[in-house]
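Chains as they are written, first to last, in my numbering: chain A, 12 to 570; chain B, 2 to 327.
No lab work stands behind these hints: they were computed from the structure.
Check the hints yourself; a few may be wrong.
[To be verified] Not everything, but these chain B residues come out facing chain A in the computed CB check (under 7 Å): (1) C52; (2) Q55; (3) A63; (4) R70; (5) W114; (6) D116; (7) M118; (8) R157; (9) S158; (10) N187; (11) T190; (12) K193; (13) G200; (14) L322.
[Claimed, not checked] Computed Cβ-Cβ distance ranges for the label pairs, DEER-style: (15) A172(A) x E224(B): 32 to 40 Å; (16) A48(B) x T46(A): 17 to 25 Å; (17) G311(B) x A78(A): 30 to 38 Å; (18) V97(A) x D259(B): 58 to 66 Å.
For every residue, glycine included, the Cβ atom is placed at its ideal position computed from N, Cα and C.
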Amino acid sequence: MADRAQPLNLAVWAGGLAAGVILALTLGTITAVLTRAEGAFALAAGDLAAIRFTVTQAVLSAVLSCALAVPVARALARRRFVGRAVLVTLMGAPFILPVIVAVLGLVMVFGRAGWVSTALGTLGLPPMNIYGLHGVVLAHVFFNLPLATRLILQGWLAIPAERFRLAATLDMAPRDIARQLEWPMLRATLPGAFMVIFLICTTSFAVALALGGGPRATTVELAIYQAFRFDFDLSRAAFLALIQLAISAVAALLALWVAVPQATGGGLDRTVERWDAARLGLRVLDGASIMLAGLFLLLPLLAIALRGLPEIATLPAGVWAAAWRSVWVAGLSVLVTLALALSMTLAITRLGAAQWGFATPTPPASICPKKKPEREGFPTWPVAIRRRCAVARGIEAVGYLAMAASPLVIGTGLFLIVFPFADPVTLALPVTALVNGVMALPFALRALVPAAQEVEARFGPLADSLGLTGWHRLRRLTLPRLRRPLGFAAALAGALSMGDLGVIALFADPEAGTLPLLLYRLMGSYRMDQAAGVALVLLALSLAVFWVLDRGGRVDADH
Amino acid sequence: MKYTLPLAVLLAGPALAQDKPVLTVYTYDSFVTEWGPGPAVETAFEAICGCDLQFVGAGDGAALLARLRLEGARTNADVVLGLDTNLTAAAAATGLFARHDLGDVAFDLPVAWQDDMFVPYDWGYFAFVHNVGGDAPANFRALGDSDLTIVIQDPRSSTPGLGLLLWVKAAHGDAAPEIWQGLADNIVTVTKGWSESYGMFLEGEADMVLSYTTSPAYHLIAEEDATKAAVPFDEGHYLQIEVAAVVASSDQGELANDFLRFMVSDAFQSVIPTTNWMYPAVTPEGGLPAGFDSLVTPETALIFPAGEAGAARDVALGEWLTALSR
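Here chain B stands alone, though its shape is the one from the complex (with noise of 0.2 Å):
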């Protein structure tokens, strides 16, 4: 029984194709998840574009580069969304993406934006989350110094995790490994992914987790829970630009700029704050959703030019490696 659906859909598959080109987007689990933006912007761009727009999720960003690498020049994908800037610079290598054709976009990023290739979405701080009235160290030393216990990610198997990476060592440079062996002490563990920490934070495992400044308005705006707070350091936050590009093996070059275009323009971005709980990369004419003014806003943007993402990422891996393995 289960097998007859999809080969129905097989079957139906050239007729629907001849009433409506197919847009097959790539992207990361969560962003198709019900609860992410996958829904809301698969609505909103049929009713423009007069295509079918499908979604296929695969892991996370890096799963996603890797899937794609995978299949090549033969991949079914039209746009890959869910990169971000330590990933665009291989991702640009393998030269299965191609230009785009959108011009000039005002983005609302924290720093500047060029680039021909990908384009933001939205972006976002790292950041240390704790429960409102926690102590609430300044900075990687003072949380070294301190007798805080925090949960982070792996960087070889989770985003975040390399977030935290690249944040020590563009804040801290050569120091990064004193940085490190000062934290060593406070690191409860490190788990493969994010939901694990996060959910070990909830239960009261440790006093911070590692994550977003945004994560707080997740538990005001859906939980009205108040008590998660992002802690400000004062040496700036890292920052995450999550981005989208066309891929140049796809034989919907023109649908896929378009999708491009929707994306920064309002139907898309109004989706992004309450469903993936990031900053848009263009602000909607309506503003942020109620909540995420109470957010914490650093002063310093870090973050690494994608071409020296990749560098600095493997020296940094390997100061992180040894500091925490002692």
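If we strip away everything but chain A, and leave its shape as in the complex, we get (with noise of 0.2 Å):
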């Protein structure tokens, strides 16, 4: 009974809807576009060394973002200490600032007027220079290294805590632990952030520019910039716009080839308690590593702050009726992204499912097989598991295309979809809510879909036995289960949302702009006081809907 022949059901039927949608905002914006272009394409001189560099930035980011995020999820996953949810929370907000806010405030940190310039001065010492690739790299690592931290951290807390019991009572060293029980965890979340973080970097571009220190740092999203506005030649934004769809698609591919599932078993979700932890050396280790990425995320926000404080009582009276725009986008792409995730989870899940049963000897893990079985000495799987699989891979993958898709090709596509038959700009702020909830999604999948395998793996045959199926499974066992990373993801797409410009820009009505609009616009205009005020407004704004949503998720909890 390897394959018990299920139905395909609603579940299924949604996630490929869902996946459908995601496809239509990429490939089919590139299409729109194509469409109004005129004659052939061709890649220009440069074009190569903006593949290069941003694969080059990209996997440097995401490779560091990831090495420095290990040891602090893993410190914040066995310390306990007074203001660590909020240390926890804070850390995040990197990842939700717009980006000209972050560049700001990098600058007046690290820049060569920036506060560690000003102390390697008094000591003699020259200004520290930030400009060049370790520049680009080092902002991505600052937006990023949050982001690898909670997906990390999440997979730490994943960890039961009857294994940790278990190692305590056999006296294992850290090490061991490390090997049995950490490693493995690493091994299934590693890849997906890495390959999240890939994403991000690949598009970026007002990021990679404004600190690589000049035209070395041209990225593929420049050059569609360029070929849109500079030479108005959509067959070369559309086409680069691809190419940076494959440069993801292959990133993507590569890393859900590439992780390998936890087949744990199942915990009694417990909270951890950590025996192991209590030496010195780890004590001061941990310590060290929460202290310097604190230090190194938060200055930052710190400088954004107190640059923006003493404006607040100036700002004009526009802000808040944009705040209030912002709030209502991001919730309109909170619910965008839940539905498109949760369906797309279940999906991925339902089909993975398929393949293990009562009678399936082992390995029990309710995901797709990596290696072929035979070598394992088990009989082929069947073909249709191994389509179902293969469908499964596609749907995540999908869902990852969106985040590499060029925003500028995504919103001229849409443009040219919605103005036949609508005025852009009264359809602004819900389609901007779309893409938005639609760009969040890799992260919520990447929350969701290991949490949701590992539910299944664990409850799945006890709730098979019980005969709980459909929505009752769905509602009794799989959404509490995964409440945590529910309301993650609900947070990440609030607050990416808050902060995010967005296709706003392209489609914008002059009385009714986002705070992020505001905020350019206000810059554009010298109000660059003004602008540090409005700052400091979305920075505490998107903290706060981080803050709710996530602890939304955590509701008597322990972490």
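With the hints as a guide, bring both chains together as one complex.
The structure is reproduced here in structure tokens:
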């Protein structure tokens, strides 16, 4: 009964539909742009350099973000201290900042006239130079270290408390715990985190340019920008957008292929107590990790806050209206993200779960086979299963595509699609909410898919034996167990949407802008001080949205 | 709730249209903000036109033209306001613009103006802005030889960035690559837009920033801060002339021309200096606001004729990329 020939239920169709929406938004918009293109496209000489630079900086940024996130996540996972929850939330802030604010925050701390350089100056040392490839990577690590930390931290917290209890009973050394419990978790978590960060960094443009120090730091997105507004060469813009998608698709497939899902087994979902981490050396190590990461992430935020605080009183009246619009755009984005992510997650899990049943000897994981099972002495997986697994992996990969799509091309494509039927300006806010929601999908999937597969692996057999299926299974088993990643996904989607300029810049209505748009407009009108005030409001609002939604997923949980 | 409002406007649309014609003006974003010229211009024009003037903001000048090209002849725009002379040749070639019927206007521009399609409404010189008291190099060569740091914008994504590219090209011709090589070690960084680099300059990241000779006027008039000044270069300064034109497919051709006429009148022109922070194309009767007299006024105005700007731009971009990618 390896293949129980389950009918492809509602969840699978919903997941397929969600994938369709994303394909329409990515490939559909590129097609829309292509239909308006005249003439053939050709890569310019600089394009190869742009592709090379894009991939290089994205790989470096993703590797470094993940590598640094491991000790930070481990420290946060095994330490309890006052203000830990606040710190975890605050440390997530860089990720949700508008690009222009983050760049100025970084510059105020690490720039030539920044705090670090000033401190170096008093010691008689030359100022720090952050402009160059290392500056780009520094900025991207600043943005993405919080995300990597959160994704990995979730992996840590998902290790059942019984394991650590058992390890303590067996008197296992930290090294053994790392090998037996933590490494398998990292092996399952890191490729996904790497991929998501790689994808974010491939579409980077303003950050890469500002901190890259010059045209050497030309990314594919900048080349698209140039093709669009400098040459009005739509075919080249669309072609470059396809290249950008291809780079990301390769990265996504690689990561999904490399990731070895965990096949842990059940626990009772208790709070983790870490007896092994009491040693002094480990305490110092953890303390240092948290402190350094905290300083790196919080100092620029502090700079932004200090810069903006005196300006709060002088803010223009439009700020609060814009803030309100931002909040409801964020709310809509959350709904979009959750609807898409949940249906895709359930579809992926459902398709993957098709392979096991009581008669399946092993492996028990509800996850598609990675290696040819013959090698492990199993009969070949039936074709139906392999097909289902391919579909599951396909749906997941599509979920990551949106992130890799050029925002400019999506916006332009949507504009071309909407324009014949309606005034794009009146649709600016809903369209922005939709695109923002889709953009947050990869993070939501990263948080939800492993958790859902874990639930299926741990509780699936029990639920099956109880005949718990369909809606009841979702409500009684899956949703409660997914509460934390769901809260996290909603929080990220909401906060990201708050802080992101998104496609609204292309559709903008002069009287109905969002907060980030207002911020850009203030800066464009010399009002840098007021812009700093708005940046602080935006930062506070994004954090509040993040905090509320993330907490919502963790009520009555200890972490 | 939020949808009911646009819906109401949509339903009320035909009723409104019967009493008042609507004139739709596409312009760049900063024109229509509450600090830009937009609100004052709207009030003043609506007081005399018996129409409803609606501004639509679309990025900056280059994004504006791209938007119009995307929409083609089906566009709602009656007037496009905010292109500059670097874009007018490409804009004219699209065939989307009509000739105006303003006749001869006595413009106060540093150069002679003859164009039957595009009407200037303001202008300014590109310049490096620095803190008063800082070293002031006399030209690009001196700047290249100095230790001064500058932040500039990328010509591919920013209007002033493109202005600098053409400035160097117009002033130095074939020697432009050499100038850029000289400047390479002075450039702290190149940003996507003007806002990032101006913000970086104000935070002290560089000694000078590429902006306009009129930028210090903002600090002086709006902030009563006299510490910013433009640095005069002896090879002359590149001129940006901002223009508007009637869209050929407009069904409000007459009203659109009325708007252009209004645009070169005192009511519009007197708003420009302290909202758009540029020089008015026709100096209003009351003259320029106090503070503008303290600005640097270049001896030589450099500008490529509209027909040559496109070709010069492509050559100059190649040279710029080569010189700075080393």
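Going through the hints against the structure:
1. The beta carbon of C52(B) comes no nearer than 18 Å to any beta carbon in chain A, farther than 7 Å, and the hint placing it at the interface is violated.
2. For the restraint placing Q55(B) at the interface with chain A, the shortest Cβ-Cβ distance is roughly 9 Å, beyond the 7 Å limit, so the hint is violated.
3. Hint status for A63(B) relative to chain A: holds, with the closest Cβ pair at about 4 Å, below 7 Å.
4. At its closest, the beta carbon of R70(B) sits 6 Å from a beta carbon of chain A; the interface hint therefore holds under the 7 Å criterion.
5. A least Cβ separation of about 25 Å between W114(B) and chain A goes past the 7 Å threshold, and the interface hint is therefore violated.
6. Annotation: D116(B) was flagged as interfacial toward chain A, and the flag is violated, the nearest CB pair being 21 Å apart, outside 7 Å.
7. A least Cβ separation of about 19 Å between M118(B) and chain A goes past the 7 Å threshold, and the interface hint is therefore violated.
8. With a least beta-carbon distance of about 4 Å to chain A, the hint placing R157(B) at the interface is held under the 7 Å criterion.
9. Interface restraint check for S158(B): the shortest CB-CB distance to chain A comes to about 5 Å, inside 7 Å, so the restraint holds.
10. Look at N187(B): its Cβ only gets to about 11 Å from chain A, farther than 7 Å, so that hint breaks.
11. For the restraint placing T190(B) at the interface with chain A, the shortest Cβ-Cβ distance is roughly 5 Å, inside the 7 Å limit, so the hint holds.
12. With a cut of 7 Å, the hint placing K193(B) at the interface with chain A holds, because the nearest CB-to-CB distance is about 4 Å.
13. The interface hint given for G200(B) holds, since its Cβ lies 5 Å from the closest Cβ of chain A, which is under the 7 Å cut-off.
14. Proximity of L322(B) to chain A holds as hinted, the smallest CB-CB distance being about 5 Å (cut-off 7 Å).
15. Range check, A172(A) to E224(B): about 59 Å between beta-carbon atoms, so the 32 to 40 Å window is missed.
16. In this structure, A48(B) and T46(A) break the distance hint of 17 to 25 Å, their C-beta atoms being roughly 44 Å apart.
17. About 48 Å separates the C-beta atoms of G311(B) and A78(A), a value inconsistent with the hinted range of 30 to 38 Å.
18. The supplied range of 58 to 66 Å is met by V97(A) and D259(B), whose beta-carbon atoms lie about 60 Å from each other.
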